[in-house]
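Taken in sequence, the protein lines are chains A and B.
Residues in the first sequence are numbered from 215 upward in steps of one, following my numbering.
Residues in the second sequence are numbered from 62 upward in steps of one, following my numbering.
Everything labelled a hint here was simulated from the structure, so no lab data went into it.
Small disclaimer: the values here were computed from a predicted structure and weren't measured.
One or more hints might be untrue.
Unchecked claim - Derived list of chain B stretches under chain A, where covered just means 3 residues or more per stretch with a C-beta under 8 Å from a C-beta of chain A:
(1) 102-112
(2) 163-170
Said to hold, decoys possible - DSSO-like, lysine-lysine: derived pairs with alpha carbons at most 27 Å apart:
(3) Lys321/A / Lys285/A
(4) Lys285/A / Lys316/A
(5) Lys285/A / Lys270/A
(6) Lys256/A / Lys126/B
(7) Lys282/A / Lys316/A
(8) Lys256/A / Lys316/A
(9) Lys282/A / Lys321/A
(10) Lys256/A / Lys321/A
(11) Lys270/A / Lys321/A
(12) Lys321/A / Lys126/B
(13) Lys68/B / Lys316/A
(14) Lys282/A / Lys270/A
(15) Lys68/B / Lys256/A
(16) Lys68/B / Lys126/B
(17) Lys316/A / Lys126/B
Yeah, the Cβ is synthetic: ideal placement off N, Cα and C, and Gly gets one too.
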Amino acid sequence: GESVGLHLPTLSVQEGDNSIINCAYSNSASDYFIWYKQESGKGPQFIIDIRSNMDKRQGQRVTVLLNKTVKHLSLQIAATQPGDSAVYFCAENVNSGGSNYKLTFGKGTLLTVNP
Amino acid sequence: SAVISQKPSRDICQRGTSLTIQCQVDSQVTMMFWYRQQPGQSLTLIATANQGSEATYESGFVIDKFPISRPNLTFSTLTVSNMSPEDSSIYLCSVDGTTGGETQYFGPGTRLLVL
Numbered sequence: 215g216e217s218v219g220l221h222l223p224t225l226s227v228q229e230g231d232n233s234i235i236n237c238a239y240s241n242s243a244s245d246y247f248i249w250y251k252q253e254s255g256k257g258p259q260f261i262i263d264i265r266s267n268m269d270k271r272q273g274q275r276v277t278v279l280l281n282k283t284v285k286h287l288s289l290q291i292a293a294t295q296p297g298d299s300a301v302y303f304c305a306e307n308v309n310s311g312g313s314n315y316k317l318t319f320g321k322g323t324l325l326t327v328n329p
Numbered sequence: 062s063a064v065i066s067q068k069p070s071r072d073i074c075q076r077g078t079s080l081t082i083q084c085q086v087d088s089q090v091t092m093m094f095w096y097r098q099q100p101g102q103s104l105t106l107i108a109t110a111n112q113g114s115e116a117t118y119e120s121g122f123v124i125d126k127f128p129i130s131r132p133n134l135t136f137s138t139l140t141v142s143n144m145s146p147e148d149s150s151i152y153l154c155s156v157d158g159t160t161g162g163e164t165q166y167f168g169p170g171t172r173l174l175v176l
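Modelling step: build the complete structure from the supplied sequences, incorporating the hints.
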């Protein structure tokens, strides 16, 4: 299997609990943020995004919170399930004008859900 | 979102050889991106590939080592040239959303091991 998780921060939760995954970003000019989920052996999967003019956005069982003052992003997963076990990455985009979009990824967090 | 496929899904190669990775999308997209994900690490952007122009490489990546083609709006290739064991990684292609913009969707990745 993959060794993706060996060097990553880890979070272990019980099935049914809520999970909170945190991310600090560095560029105050970043105006768009995405959370991705990467399961072992697969590519990153889009979960939810948020723009810098918002501080909260909700999806199905997931909520993203953005605190621009301290440059902090969090992903909350409600009623965590075993299928949520994966590595989670935050990514930020700085719009440098025109269509020159480029994402910078955080280190990632390995979420393990215990039955 | 677009359906993205990559070939090969994995390969084991000898040092000094080259490998070309293909990325195919089921719809036309403006921007395609190539990333490297080293074992246990996050994603690092190699280059951005737009049709009709040369790829734009990130700091630390050069065209001689990672030549890229983008012959049309649904296809791109990345070649890893003169490989060494340090090139052992997952190589991922991504595309922008079909309506354009900052969101990126990823292929399943190509797992490369160089001996």
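Requested in this report: Compare the distance between the alpha carbons of Lys282/A and Lys270/A with 27 Å, and conclude whether the hinted pair is satisfied.
Outcome: holds, 11 Å
Query - 27 Å Cα cutoff - pair Lys321/A, Lys285/A - result: holds, 15 Å
Query raised in the report: Straight-line Cα separation of Lys68/B and Lys126/B no greater than 27 Å?
Result: Holds: Lys68/B and Lys126/B sit about 19 Å apart, inside 27 Å.
Query raised in the report: Is Lys285/A close enough to Lys270/A, meaning Cα to Cα at most 27 Å?
Result: Given that 27 Å is the threshold and the Cα spacing comes to 14 Å, the pair holds.
Report task. Sort out whether Lys321/A lies within 27 Å of Lys256/A, counting only the CA atoms. Result -> holds, 17 Å
Query - Given coverage of the segment 163-170 of chain B by chain A, tested with a Cβ cutoff of 8 Å and a minimum of 3 residues - result: n = 8 at 8 Å, threshold three: holds.
Query raised in the report: Lys270/A and Lys321/A: Cα distance at most 27 Å?
Result: Judged against 27 Å, a Cα distance of about 22 Å means the pair holds.
**Report entry** 27 Å limit on alpha-carbon distance, applied to hinted pair Lys282/A and Lys316/A
**Finding:** holds, 19 Å
Query raised in the report: Does the alpha-carbon distance linking Lys68/B and Lys316/A stay inside the 27 Å limit?
Result: Distance of about 24 Å is within 27 Å: holds.
Requested in this report: Would you check the hint for Lys321/A and Lys126/B, treating anything up to 27 Å between C-alpha atoms as holding?
Outcome: Between Lys321/A and Lys126/B the Cα gap is close to 25 Å, so the pair holds against 27 Å.
Query raised in the report: Are Lys285/A and Lys316/A close enough, with their CA atoms no more than 27 Å apart?
Result: holds, 18 Å
Query - Hinted pair Lys256/A and Lys126/B, Cα distance within 27 Å - result: holds, 25 Å
In this structure, none of the earlier numbered hints is contradicted; all agree with it.
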